[in-house]
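Participant: Chains as they are written, first to last, in numbering that gives the first Met the number 0: chain B, 0 to 148; chain Y, 0 to 137.
Rather than coming from a laboratory, the hints here were simulated on the basis of the structure. Owing to the predicted nature of the structure, the values given are computational and were not obtained by experimental measurement. Heads up, a few of these hints could be off.
When the alpha-carbon atoms are kept at most 16 Å apart in a straight line, the in silico EDC-like pairs for lysine to aspartate or glutamate are as follows [to be verified]:
id : chain 1 : residue 1 : chain 2 : residue 2
1  : Y       : Lys51     : B       : Asp115
2  : Y       : Lys51     : B       : Glu39
3  : Y       : Lys94     : Y       : Glu55
4  : B       : Lys116    : B       : Glu90
5  : B       : Lys91     : B       : Glu39
6  : B       : Lys116    : B       : Asp77
7  : B       : Lys129    : Y       : Glu111
8  : Y       : Lys122    : Y       : Glu111
9  : B       : Lys129    : B       : Glu64
10 : B       : Lys116    : B       : Glu95
11 : Y       : Lys131    : B       : Glu39
12 : Y       : Lys94     : Y       : Asp66
13 : B       : Lys116    : B       : Glu80
14 : B       : Lys116    : B       : Asp68
15 : Y       : Lys131    : Y       : Asp43
16 : Y       : Lys51     : Y       : Glu111
17 : Y       : Lys122    : B       : Glu42
18 : B       : Lys129    : B       : Asp103
19 : Y       : Lys122    : Y       : Asp87
20 : Y       : Lys131    : B       : Asp115
21 : Y       : Lys51     : B       : Glu42
22 : Y       : Lys94     : Y       : Glu38
23 : Y       : Lys94     : B       : Glu42
24 : Y       : Lys82     : Y       : Glu111
Counterexamples of contact, computed for chain Y against chain B with all Cβ distances above 12 Å [unchecked claim]:
id : residue
25 : Asp54
26 : Asp79
27 : Ala100
Glycine included, C-beta positions come from ideal geometry on N, C-alpha and C.
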Amino acid sequence: MNFERTSRRTIRSLPLVPMIDIMFILIIFFMLTTTFMRIESLELMLPSAGAKAAEKADVVHLFIEANGDMLIGQRRIDQNELTASLSRMFEKDPAERVMLLTADGVTMQQLVSVMDKVYIAGGRSLFVRKWENPGRKPRETGVIIAPKG
Amino acid sequence: MEFTRTRRKRIEISLIPLIDVSMFLLIFFMVAGSIEKFEMIPVDPPVAQSGKLMDEGHITILLGRHDEIIVGDDIVAMEDMTKHLAPDLQGNPNKVITVKADAEVPANRVIEVMDAIKAAGGKDLSIVTQSKAQIHVE
Numbered sequence: 000m001n002f003e004r005t006s007r008r009t010i011r012s013l014p015l016v017p018m019i020d021i022m023f024i025l026i027i028f029f030m031l032t033t034t035f036m037r038i039e040s041l042e043l044m045l046p047s048a049g050a051k052a053a054e055k056a057d058v059v060h061l062f063i064e065a066n067g068d069m070l071i072g073q074r075r076i077d078q079n080e081l082t083a084s085l086s087r088m089f090e091k092d093p094a095e096r097v098m099l100l101t102a103d104g105v106t107m108q109q110l111v112s113v114m115d116k117v118y119i120a121g122g123r124s125l126f127v128r129k130w131e132n133p134g135r136k137p138r139e140t141g142v143i144i145a146p147k148g
Numbered sequence: 000m001e002f003t004r005t006r007r008k009r010i011e012i013s014l015i016p017l018i019d020v021s022m023f024l025l026i027f028f029m030v031a032g033s034i035e036k037f038e039m040i041p042v043d044p045p046v047a048q049s050g051k052l053m054d055e056g057h058i059t060i061l062l063g064r065h066d067e068i069i070v071g072d073d074i075v076a077m078e079d080m081t082k083h084l085a086p087d088l089q090g091n092p093n094k095v096i097t098v099k100a101d102a103e104v105p106a107n108r109v110i111e112v113m114d115a116i117k118a119a120g121g122k123d124l125s126i127v128t129q130s131k132a133q134i135h136v137e
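For reference, chain B alone in the conformation it holds in the complex (with noise of 0.2 Å):
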């Protein structure tokens, strides 16, 4: 007698199909949500919250009005010449600090722009702070470091 065996004879074989068919809607999921930009940004160190501010003396402060204006201590400067009495002061002193002080309704990319020009000039420590009344005692908040790489 003779007997057919089919049906022992379809298990032998994995369905590969299926699985290249989930494989490469996997691969084609992935390509696509994949990014591989990374963000551009100036990276900051904040001082520890008990750490005792800097000597006020040495510290060179810089103002930016609503504006647009800006005064260093007490002289009143130009946009235009930011970058090259910044540079001529780092030239001088290259660990000269500089505090930021930013009055109401300064806009962040004034701010980040004024940041961008210290650190391009050289500066590589820098207080942030509002504009407050010039009684009050300053508080620092963010201290620029050299970024890595």
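Go by the hints and put chain Y onto chain B.
Facilitator: Positioned in the frame of chain B, the structure of chain Y alone reads:
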């Protein structure tokens, strides 16, 4: 006469190498890539030249031009910032916080946020910038 019919032999596409390659690609994209984040509010970061390319930090804070503050996935009020961040930072103060503020946001508001991060115990902070302004059609 009888010829052997070798022609019949079906050429099968070998699937195993195909699976190997696609498995490799799959694992590569899963490990190397990060899925693009959807941002709740449109943020146009300020322009700066000295920004360095780096990865996004552990915590992202978005500051929108209409005074919205979004920490991770939550909308947070300025007063609750420190409270919200403290549990995250207490365990690991070296967590990098990325602040993505719109160029139009008042600088003093960002300084308040930085104060809150400092009060919560954060140390590493990065402010997102862009090297060229994007043209917006509104």
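Participant: Should the label of Y:Asp54 as a non-interface residue stand, given a Cβ cut-off of 12 Å to chain B?
Facilitator: 6 Å, violated
Participant: Given the hint that Y:Lys94 pairs with Y:Glu55, does the C-alpha gap stay at or below 16 Å?
Facilitator: Satisfied, since the Cα-Cα distance of roughly 11 Å is no more than 16 Å.
Participant: Given the hint that Y:Lys51 pairs with B:Asp115, does the C-alpha gap stay at or below 16 Å?
Facilitator: With a Cα-Cα distance of about 11 Å, the restraint between Y:Lys51 and B:Asp115 holds, given a limit of 16 Å.
Participant: Within 16 Å, alpha carbon to alpha carbon, are Y:Lys122 and B:Glu42?
Facilitator: Holds, at about 11 Å.
Participant: Check the hint pairing B:Lys116 with B:Glu90 against an upper bound of 16 Å on the C-alpha distance.
Facilitator: At roughly 14 Å apart (the allowed maximum being 16 Å), B:Glu90 and B:Lys116 satisfy the hint.
Participant: Run the C-beta distances from Y:Ala100 to all of chain B and say if the shortest one exceeds 12 Å.
Facilitator: 5 Å, violated
Participant: Do the alpha carbons of Y:Lys94 and B:Glu42 lie within 16 Å of each other, as the hint requires?
Facilitator: Holds, at roughly 13 Å.
Participant: Has the given pair, Y:Lys82 with Y:Glu111, been kept, meaning a C-alpha gap of at most 16 Å?
Facilitator: The hint holds at about 14 Å.
Participant: Is it true that the CA of Y:Lys131 sits at most 16 Å from the CA of Y:Asp43?
Facilitator: OK: Y:Lys131 and Y:Asp43 at ~11 Å, within 16 Å.
Participant: Does Y:Lys51 pair with Y:Glu111 here, judged by a C-alpha cut-off of 16 Å?
Facilitator: 24 Å, violated
Participant: Decide if the proposed pair is consistent with the structure: B:Lys116 and B:Glu95, CA atoms, cutoff 16 Å inclusive.
Facilitator: 14 Å, holds
Participant: Compare the distance between the alpha carbons of Y:Lys122 and Y:Asp87 with 16 Å, and conclude whether the hinted pair is satisfied.
Facilitator: 12 Å, holds
Violated hints, in rising order: 5, 12, 16, 22, 25, 27; the structure is consistent with all others.
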